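S.K.: The lines below spell out each chain.
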Amino acid sequence: MEVGLFIPCYMDALEPEVGIATLKLLERLDVNVTYPFDQTCCGQPMTNTGCHKEAADTERLFVKNFSKFDYIVMPSGSCTNQVRHHFDAIDQTDEVQHVRKNTYDLVEFLHDILKVEAFPWARFPHKVAIHYNCNALRGLRHASMSERREAFFSKPKSLLEKVSGIEFVELERPDECCGFGGTFSVFEEGVSAKMGQDKVMDQQRSGAEYIISADSSCLMHQKGCASRMGVNLHYAHIAQILNGDLS
Amino acid sequence: MSDLQNEPQPRGAKVKGRHPVDQLEAANRFIAAEAHQKMHDQRLWDLRKKRDAQMHLIPEWEELRELASEIKEHTLDHLADYLEEFERNATANGVHVHWAQDAEESNQIINDILKQHQAKTLVKSKSMLSEECHLRQSLEKSGVTVIETDLGERIQQLDNEDPSHVVVPAVHKTRTDVSKVFVKTLHAEQGNNDVHYLAETQRETTRPYILNADAGMTGGNYLVAETGAVVVCTNEGNADLSANTPPLHIVTVGIEKIIPKMEHLAVFIRLLSRSALGSPITQYTSYFRGPRKGGEMHVVLVDNSRSTRLASEKFRAGLKCIRCGACMNTCPVFRRSGGLSYGSTYAGPIGLILSPGYNAHKYRNLPFASSLNGSCTNVCPVKINLHEQIFAWRETLADEKELSLSKRILMTSLGKLFAHPKAYRTAVQTGDKVLSYLPHFIVYNQFNAWGRQRDLPKTPKETFHSWYAKNYINKGKGDE
Amino acid sequence: MSSRDLVLNKIRQSCKKECSALPTVPFFHQDSKDLIEEFKKSLLLMGGQILERGQDDPYEFVKLKLAESKITCSVVPEIKGNRELNAETVPNSLHDVDYGVLRASFGVAETGSICLSERDFLVNTLGYLPQHLIVLLDPKQIVENLHDAYARSEWKQVHYAALHSGPSATADIEGVLIRGAQGVRSLSILLIE
Numbered sequence: 001m002e003v004g005l006f007i008p009c010y011m012d013a014l015e016p017e018v019g020i021a022t023l024k025l026l027e028r029l030d031v032n033v034t035y036p037f038d039q040t041c042c043g044q045p046m047t048n049t050g051c052h053k054e055a056a057d058t059e060r061l062f063v064k065n066f067s068k069f070d071y072i073v074m075p076s077g078s079c080t081n082q083v084r085h086h087f088d089a090i091d092q093t094d095e096v097q098h099v100r101k102n103t104y105d106l107v108e109f110l111h112d113i114l115k116v117e118a119f120p121w122a123r124f125p126h127k128v129a130i131h132y133n134c135n136a137l138r139g140l141r142h143a144s145m146s147e148r149r150e151a152f153f154s155k156p157k158s159l160l161e162k163v164s165g166i167e168f169v170e171l172e173r174p175d176e177c178c179g180f181g182g183t184f185s186v187f188e189e190g191v192s193a194k195m196g197q198d199k200v201m202d203q204q205r206s207g208a209e210y211i212i213s214a215d216s217s218c219l220m221h222q223k224g225c226a227s228r229m230g231v232n233l234h235y236a237h238i239a240q241i242l243n244g245d246l247s
Numbered sequence: 001m002s003d004l005q006n007e008p009q010p011r012g013a014k015v016k017g018r019h020p021v022d023q024l025e026a027a028n029r030f031i032a033a034e035a036h037q038k039m040h041d042q043r044l045w046d047l048r049k050k051r052d053a054q055m056h057l058i059p060e061w062e063e064l065r066e067l068a069s070e071i072k073e074h075t076l077d078h079l080a081d082y083l084e085e086f087e088r089n090a091t092a093n094g095v096h097v098h099w100a101q102d103a104e105e106s107n108q109i110i111n112d113i114l115k116q117h118q119a120k121t122l123v124k125s126k127s128m129l130s131e132e133c134h135l136r137q138s139l140e141k142s143g144v145t146v147i148e149t150d151l152g153e154r155i156q157q158l159d160n161e162d163p164s165h166v167v168v169p170a171v172h173k174t175r176t177d178v179s180k181v182f183v184k185t186l187h188a189e190q191g192n193n194d195v196h197y198l199a200e201t202q203r204e205t206t207r208p209y210i211l212n213a214d215a216g217m218t219g220g221n222y223l224v225a226e227t228g229a230v231v232v233c234t235n236e237g238n239a240d241l242s243a244n245t246p247p248l249h250i251v252t253v254g255i256e257k258i259i260p261k262m263e264h265l266a267v268f269i270r271l272l273s274r275s276a277l278g279s280p281i282t283q284y285t286s287y288f289r290g291p292r293k294g295g296e297m298h299v300v301l302v303d304n305s306r307s308t309r310l311a312s313e314k315f316r317a318g319l320k321c322i323r324c325g326a327c328m329n330t331c332p333v334f335r336r337s338g339g340l341s342y343g344s345t346y347a348g349p350i351g352l353i354l355s356p357g358y359n360a361h362k363y364r365n366l367p368f369a370s371s372l373n374g375s376c377t378n379v380c381p382v383k384i385n386l387h388e389q390i391f392a393w394r395e396t397l398a399d400e401k402e403l404s405l406s407k408r409i410l411m412t413s414l415g416k417l418f419a420h421p422k423a424y425r426t427a428v429q430t431g432d433k434v435l436s437y438l439p440h441f442i443v444y445n446q447f448n449a450w451g452r453q454r455d456l457p458k459t460p461k462e463t464f465h466s467w468y469a470k471n472y473i474n475k476g477k478g479d480e
Numbered sequence: 001m002s003s004r005d006l007v008l009n010k011i012r013q014s015c016k017k018e019c020s021a022l023p024t025v026p027f028f029h030q031d032s033k034d035l036i037e038e039f040k041k042s043l044l045l046m047g048g049q050i051l052e053r054g055q056d057d058p059y060e061f062v063k064l065k066l067a068e069s070k071i072t073c074s075v076v077p078e079i080k081g082n083r084e085l086n087a088e089t090v091p092n093s094l095h096d097v098d099y100g101v102l103r104a105s106f107g108v109a110e111t112g113s114i115c116l117s118e119r120d121f122l123v124n125t126l127g128y129l130p131q132h133l134i135v136l137l138d139p140k141q142i143v144e145n146l147h148d149a150y151a152r153s154e155w156k157q158v159h160y161a162a163l164h165s166g167p168s169a170t171a172d173i174e175g176v177l178i179r180g181a182q183g184v185r186s187l188s189i190l191l192i193e
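Residue numbers (full-length UniProt numbering), protein chains in the order written: chain A, 1 to 247; chain B, 1 to 480; chain C, 1 to 193.
Keep in mind that the hints were calculated from the coordinates and are not lab data. In this text the structure is predicted, and so the values were computed from the model without any measurement. By construction, the Cβ of each residue, glycine as well, lies at the ideal position given by its N, Cα and C atoms. There could be a bad hint or two in this list.
[Claimed, not checked] With a straight-line cut-off of 16 Å between C-alpha atoms, the simulated EDC-like cross-links for lysine to aspartate or glutamate are: (1) A:Lys101 to A:Asp112; (2) C:Lys156 to B:Glu226; (3) B:Lys38 to A:Asp202; (4) C:Lys65 to C:Glu52; (5) B:Lys293 to C:Glu88; (6) B:Lys49 to A:Glu172.
[What the hints assert, rightly or not] Residues on chain B that point at chain C, a partial pick, calculated with CB under 8 Å: (7) Thr149; (8) Arg175; (9) Leu310.
I would like the entire structure built from these sequences, with the hints used as guidance.
M.R.: Shown next, in the form of structure tokens:
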């Protein structure tokens, strides 16, 4: 099984440790991982702004980088959603369809494909609240959604439950958007920041020590708000916990 | 008095003719009115929670949503046939049926009916269509006194402000805000902001109008083709009062409100109030199939661009809307911006997808007032793909050259940068060193939009890219 | 061409070629439901009240309420009011009535609703202008849910009917619940054949 690793642009530049944790975790699980060197971005900033034509070359580059792999894995539900559901600016060749079909977010890959049973190297004796990126939740279905009448499930939680010592706390508004929203965070700054501040307050009231998510982008925004507000909360990507980096 | 009651009410968007509405500017003012914003958020979130509780009581909830969606799809596919069936049956029941192509014609028809009856006063219950057509303003110009009989709607009428929400029109106001309006317009006691007193003041001052009105008007939540009936849902009973007290009842209703049969009505009634307010049903679910003895009933069927939307593969699903407001209640952006920030009859997620259909230029900013989180789509009782349509509108606006210049320039340059790995690498890092600015859209924003209320992430020593190069490719080789 | 034809033509041009089918709506009945208990529970949630039957006179508590008030108007033979009402009564003349008394066509357990039609009202404003309403309901005429309710024949016979689910209410100011927004301030139901 050949896996191509995609590291989202913001993660590459701002949170390389999450990329490293993802790579090491996959290697630990005996996955043959390659990081194609010419990768840049999934194209989401353009597509979400309505600029599909402007995203076409970026999509093409992505496909060129990744079409030879059996699976494409990335530590981001949001970018996965972009590849799987929105790569529409280019011709839907076999290669494109192969890439769209075989792109997985790390949580899905561990939970649905590898079906990992244990993370014996990881320990995390902390109170944790899970943050769901909206694309991961409602686009990829990482978990059941509070708006729907459906049985509870949560892929991130069922993975984290396998880490010893971890304790979960619940938010009052468990799947309310935190206000990151990609370009929304800067185009609609006032509303975005307010949503982030409210999210941080909910997290603080929950008694959580750590906020864990499958998406660093939301966390970057929340962390930025918490830090400015002087709220002492820690934020970490699920890859870091599952790899035992913060044990 | 508390901070909430001392804080002046924030006002809505500054609408300047056909110029693009600056939703964000109004949203920022709403957020700045901290206590109002907090109350607004909590009230609407409370409605969302009550909705969830109702959903959990109904085992067939998701099945009902699917049925509602399928019934609406089917009806839209056969819209002309069902409208004709409605017209036939309503006419046979003694109802006068009128057709209006647009707002202007609808207002004219209503004006004419009133003139024929020498009607000078009209009591009306809530109708979003009449807001859409600016009916009240049109009638007032002709010298008709129009009285809104729904409490929230009456508050907004007296304050000369549009409704901020399709179900709870004055949800953005505090009791003190209402009290101030009533002191000015209804001679209410200065400083008495007791909610019971205020509601009673409205009841007592509206009642004489209801008793003596020449005509009554209601909207229509549903038209039933099979029986030729109009169904109206209210909690106050004001539609029944408006329709049953004066001798003349006029209904104004959009053509998309039709459903085929009575059995379908059950599906929608079960979903409507549960989705809207989290109550099992509205207090009054009223069924007007014909004029009462000695009375007269008119139904004005209004198109006003609905038939155009019907042809749009991308946006026709917006016609399934039953105006429950659930998408507004759950929308994190709406709860923090206030409905008036949208500067449009329809606000929140449904407003984002309906408004640009009326005027793409004026409402070009609205589809961006969303984080695309998708909660709206999940609560919608008729399964409108709201967040997908918001997403689709952005593309349509870009195609129609309605994207703001700053967005266009930024996206063109980003698109180029991301398509060229070497140029991209140079922009992000020099050798091992991560450049001290952020790699993408954040850095391009001259107003430092990220940093105004958020700390910037710490710049790491190296990118993942160079770490990988060092540790996996060739130690020290670095980038190609 | 008339606006009617213009609108209909435009719609026909806009409609898709392939048409979707109309689904059948199930009744969603749940077995072993005590409809009377369910009705009472739902009615209370909607802000309505249940009047108990008196031991000697089943209408004892209805009469007590009427005795306390000035103007009462009844259209049921079991109860006598002091304001006459017939089909010719002018609708707004009921503005000073304290209590209206009438009988419902049927009830709905799911929502605690009662169906009142023009035949039950005699004059439709009897349901809205009085300060309070007392409604008699035959417990055998309680259906399980809204699917049953809208399958009834009344809807095809009358020109006006309404489901009343509790009294008039509003929460338009700060979400504070007020009973008696524009219509009746209270709705009391006596379950009796």
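S.K.: Give me the numbers of the hints this structure contradicts, sorted from smallest to largest.
M.R.: none
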